[in-house]
Every structure is written in structure tokens, then in C-alpha cells.
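With the sequences and hints as input, model every part of the structure.
Counting with our numbering, you get residues 2 to 59 for the letters of the sequence shown.
Read the hints as simulated data drawn from the structure, not as lab findings.
Each hint should be verified, as a subset may be incorrect.
[What the hints assert, rightly or not] Here are the computed distance ranges between Cβ atoms for each label pair:
#  : residue 1 : residue 2 : range
1  : Pro10     : Arg47     : 39 to 49 Å
2  : Phe42     : Asp12     : 35 to 45 Å
3  : Phe35     : Ala11     : 22 to 32 Å
4  : Ala22     : Arg47     : 28 to 38 Å
5  : Leu9      : Thr48     : 19 to 29 Å
6  : Cys39     : Ala11     : 22 to 32 Å
7  : Gly44     : Leu9      : 26 to 36 Å
8  : Pro18     : Thr48     : 18 to 28 Å
9  : Ala19     : Thr48     : 39 to 49 Å
10 : Leu9      : Ala37     : 21 to 31 Å
11 : Ala36     : Arg16     : 20 to 30 Å
12 : Met23     : Thr48     : 16 to 26 Å
Yeah, the Cβ is synthetic: ideal placement off N, Cα and C, and Gly gets one too.
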Amino acid sequence: MGISLACLPADVRCRPPAWNAMAHGNISFVGVLFAARCAWFLGVGRTLYYFRAHTKIA
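Take a look at the structure:
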């Protein structure tokens, strides 16, 4: 993702409306999927059953 962004011309890099479909597929879509994966692993919006299970000590 970073390499795709770095290879864009400087005048296009900061203007996403000027990107073509390939640039959006490599940068925008991958960024959204990365954010969703990070949210999943952080437990955002879901109940954690396995990794942070609370145990009672008798």
C-alpha cells in the first residue's frame, strides 16, 4: 500500500479523486480492509470469548 502511494506522481498523490481504479484498489480498498482487520483484532464491536476470557478464582 505504501509503495503504491509512493509511486504516484507528487501532484496526484494527495488528490484521491484524481486516482484511477487501480490506485483506489491498491490504496483505498486495502486501507479499509486493514482498518477492519485491526478493529477485529482489537475487539471493537464484538464480544471477546477466547482471548480475554475472565476466569473466577475460587
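Against the structure, the hints come out as follows:
1. Pro10 <-> Arg47: 39 to 49 Å: Given range 39 to 49 Å: holds, Cβ gap about 41 Å.
2. Phe42 <-> Asp12: 35 to 45 Å: Check passed, 36 Å falls within 35 to 45 Å.
3. Phe35 <-> Ala11: 22 to 32 Å: For Phe35 and Ala11 the Cβ distance comes to about 24 Å; the hint holds.
4. Ala22 <-> Arg47: 28 to 38 Å: The hint (28 to 38 Å, Cβ to Cβ) holds, given that Ala22 and Arg47 are roughly 32 Å apart.
5. Leu9 <-> Thr48: 19 to 29 Å: With a Cβ separation near 41 Å, Leu9 and Thr48 fall outside 19 to 29 Å, so the hint is violated.
6. Cys39 <-> Ala11: 22 to 32 Å: holds (28 Å)
7. Gly44 <-> Leu9: 26 to 36 Å: holds (34 Å)
8. Pro18 <-> Thr48: 18 to 28 Å: violated (39 Å)
9. Ala19 <-> Thr48: 39 to 49 Å: holds (42 Å)
10. Leu9 <-> Ala37: 21 to 31 Å: holds (24 Å)
11. Ala36 <-> Arg16: 20 to 30 Å: About 21 Å separates the Cβ atoms of Ala36 and Arg16, which means 20 to 30 Å holds.
12. Met23 <-> Thr48: 16 to 26 Å: Violated, at about 38 Å.
In the structure shown, a violation is registered for the earlier hints numbered 5, 8 and 12, in ascending order.
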